[in-house]
Amino acid sequence: MSSSLPSRDQPSNSEEVTVPKNGHPSTGPHDSLRHEDPESVRAPAAKQARGFLARRDPLAWAVGTTAFLSSIAFMAVNLAYNAGNFIPPLDDAYIHLQYASQLGQGHFLQYNTGEPISTGASSLLYVLVLGAFYAIGIQGQAFLPFAMGFGSLCFALTAVCVFLIGRRVMNRRVGAWAGGLVAVNGALLWGSVSGMEIGFVALLLTAALLAFTVEAPRKHFVLTPVVAALAALSRPEAFIFTVVLCVAMTWTVLRRDRARSTSHSPSHSMSWPGTLGLLAPISLPLLAGIGQRLFYRAVTGTTTATGAQAKSLLYTPIFYPTEFLDAALTRFHGFLLVFSGLNDYAFVFPGALLVGIVGTVHLLREQPTRRPLVLAMAFGFLLVLLAISTLRTAHVHHLRYVQPFMPILLLLATIGLSAVGGLFATRRARILVTNSVFTMALVFSLSEMPAWSFRLGQQSAGIRDQQVSISNWMKGHLPPESVIAINDAGATAYFSEHDIVDLIGLTTNGLAEPNRHGPGSLYEALRRMPEQQRPDYFAVFDNWPVYGLQEGGLFGEEPLIEFQLKSPRFSRPTPGSGSACQASRLCNEVVIHKADWSDVGTGDLPAEVDPPGRIRDYLNVADLRSEQAHAYRVKPVHRGFQPTTSVETVTYSGHDVVDSGRHVIGGEVLTARNLTSGRPVTITSRIDAARPLPGTHTGSRQVRVSVDGRTVGRWHFGADGDGWHESTFTIPGRFVTDSTLRIEFGPVRTFLGPYPDYTSYGYWFSQQPAAVGP
957 MSSSLPSRDQ
967 PSNSEEVTVP
977 KNGHPSTGPH
987 DSLRHEDPES
997 VRAPAAKQAR
1007 GFLARRDPLA
1017 WAVGTTAFLS
1027 SIAFMAVNLA
1037 YNAGNFIPPL
1047 DDAYIHLQYA
1057 SQLGQGHFLQ
1067 YNTGEPISTG
1077 ASSLLYVLVL
1087 GAFYAIGIQG
1097 QAFLPFAMGF
1107 GSLCFALTAV
1117 CVFLIGRRVM
1127 NRRVGAWAGG
1137 LVAVNGALLW
1147 GSVSGMEIGF
1157 VALLLTAALL
1167 AFTVEAPRKH
1177 FVLTPVVAAL
1187 AALSRPEAFI
1197 FTVVLCVAMT
1207 WTVLRRDRAR
1217 STSHSPSHSM
1227 SWPGTLGLLA
1237 PISLPLLAGI
1247 GQRLFYRAVT
1257 GTTTATGAQA
1267 KSLLYTPIFY
1277 PTEFLDAALT
1287 RFHGFLLVFS
1297 GLNDYAFVFP
1307 GALLVGIVGT
1317 VHLLREQPTR
1327 RPLVLAMAFG
1337 FLLVLLAIST
1347 LRTAHVHHLR
1357 YVQPFMPILL
1367 LLATIGLSAV
1377 GGLFATRRAR
1387 ILVTNSVFTM
1397 ALVFSLSEMP
1407 AWSFRLGQQS
1417 AGIRDQQVSI
1427 SNWMKGHLPP
1437 ESVIAINDAG
1447 ATAYFSEHDI
1457 VDLIGLTTNG
1467 LAEPNRHGPG
1477 SLYEALRRMP
1487 EQQRPDYFAV
1497 FDNWPVYGLQ
1507 EGGLFGEEPL
1517 IEFQLKSPRF
1527 SRPTPGSGSA
1537 CQASRLCNEV
1547 VIHKADWSDV
1557 GTGDLPAEVD
1567 PPGRIRDYLN
1577 VADLRSEQAH
1587 AYRVKPVHRG
1597 FQPTTSVETV
1607 TYSGHDVVDS
1617 GRHVIGGEVL
1627 TARNLTSGRP
1637 VTITSRIDAA
1647 RPLPGTHTGS
1657 RQVRVSVDGR
1667 TVGRWHFGAD
1677 GDGWHESTFT
1687 IPGRFVTDST
1697 LRIEFGPVRT
1707 FLGPYPDYTS
1717 YGYWFSQQPA
1727 AVGP
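All letters in the sequence shown, in the order written, are residues 957 to 1730 by our numbering.
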């Protein structure tokens, strides 16, 4: 080791050295606990970098070993709950394994062999890494244990990175406590062995921050942008964080240039080409994130991954800014409660978020040159929480989207605890208080570790009972070439060796949007599929919305088999545990039906009314393509109402008619096309207006009909307790001035109720042919 390096008994470049803002070293009693910015007393940048790489600190090994052994203990609990077999706590882990195994076999991002590329893998880089290991031979039964072990290794290295960051920005003791709190955090341990990308993303984020602390003194960033670019490819939320980190790097470089430009010596100034040369590498994370989205656009037609399409609050049938903000802020408020640790300390020790703010303020005040880094950590974490809050599933799976960012919070919280201890007057009091608060934080964290290991085992046993058992049953009982529709993608494709149709739309292109609208739109999307690609079987939770497809006759009369959970329940739920639905018993049963497509298309023509003349146009409500072609939209009378879709079967004289419809409270607007101007248009509707009761008579069954802004009359919808009712309304020829008509059905009373409340299934537009002369 170079003689220029301090020994382990001496302060390192970043620990136990105090240089107050007046420039004079402090020799007072606060030396060991107050930390001013040590940049001015550090070795030159080159020596500093060599020292960082050369130094082997036994505490780093202790922190990493603790984290790794803790994760191994969690894996042992997993084995105990599953008779010596590795089972992940989330079916989503098998999505990564399926994409990775396909990649290893040469099928890049194809969930089913031969299908177009899909973007259902939430972490592109993680899939690429796993795929590479699959290609070199880590396959079969070894693949899942490898993924779990890889997550454990990444988690251990994350804890080491946190230790090293804490040592550099504060001191060795703070680094050790921060790394230790990460190493024994139950939620992070759960995530690290889940088979998901959590540990991998956490490592990339903390490694990028560590690289920043190394390169910032030189004001020249090379390694940091590279690691940050990898992080940008690992999760959408990580890309947001790396954007903030890019701002911090740019700030650091430009501040250096400003400092040089203020010097009276020309040699201290830097030309713009030189500054641009320093800034150029910083764009790598931006290029990586944008490049990924452009790639998605090229191969799928949209820059948005299917996960965001299926889960984002931005992609509701009708977007209401106020409702969006309300829902997002509600989820954000939930995050604040969790990370404050005041109501429940399952994720962090009590007060973690509050002392994290204290730690942020302390660093901003005491270490001015680190402000770009500190603000990047604080505001990056805040922006990530806000971004995740825009998802319907923000708190899903024990807050797994936020888990990779928790080490950053724990680091700032540890610095905050140290700062609180440093407020006391005597050295003895400071040491006593600091050690006490650190010990309390550790005790709270250790007390939660066993519970998290049990949650891991309980939920993984549920995955074993359902997805793994079902997939293996399918492999042995269903024809090899059959296509299976599921509503929880993962193990089915990985184990059953069947092609899969993902009804949620994560791994099957084109189904995320119909699924958001409800079973009716999903039914229409499925019927549009080529017959050879349609599902032969359905395996779905019986209490999820997609089970509404049963009302359309797509499921055979009797299920082939039912899988009911026998696995343990959660002993104590946590925020977000409900979405781990097996152990929380929110998806207790999966049923498998043979598909029945015999009634598809039976609702394409009126069943009760014979439209006069020739049908010139047909709007199939709930079919998103038909709605788009007719510029159709629902005009709700109240903000927040979502016009969800459903599918229904009505029996006529021994034969079934199936159609999908959309719930309307208020009115509808649409454009009829292919008409002959000057001739009357008869609209035949299929409406279920049996609300509130079929036998009651209210104004809610009347709508005002307008054409191109002119009122034509009122249309009264009939009510039938057994299903929909078909009726007609004729628009006089004087209103038909073009081949298209913009038609609106709206409330008779525009402000006060009762409002039209019905399900709209379809509209046929017909006209009599022109009279033939003698």
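Bear in mind the hints are in silico, worked out from the structure with no lab data behind them. Heads up, a few of these hints could be off.
[Stated by the list, open to error] With a cut-off of at most 27 Å between alpha-carbon atoms, the simulated DSS-like pairs for lysine-lysine come out as follows:
| # | residue 1 | residue 2 |
| --- | --- | --- |
| 1 | LYS1591 | LYS1431 |
| 2 | LYS1431 | LYS1522 |
| 3 | LYS1522 | LYS1550 |
Keep in mind it's a predicted model, so treat the numbers as computed, not measured.
Query raised in the report: Any hints this thing doesn't respect? Which numbers, in order?
Result: Structure breaks hint 1 only.
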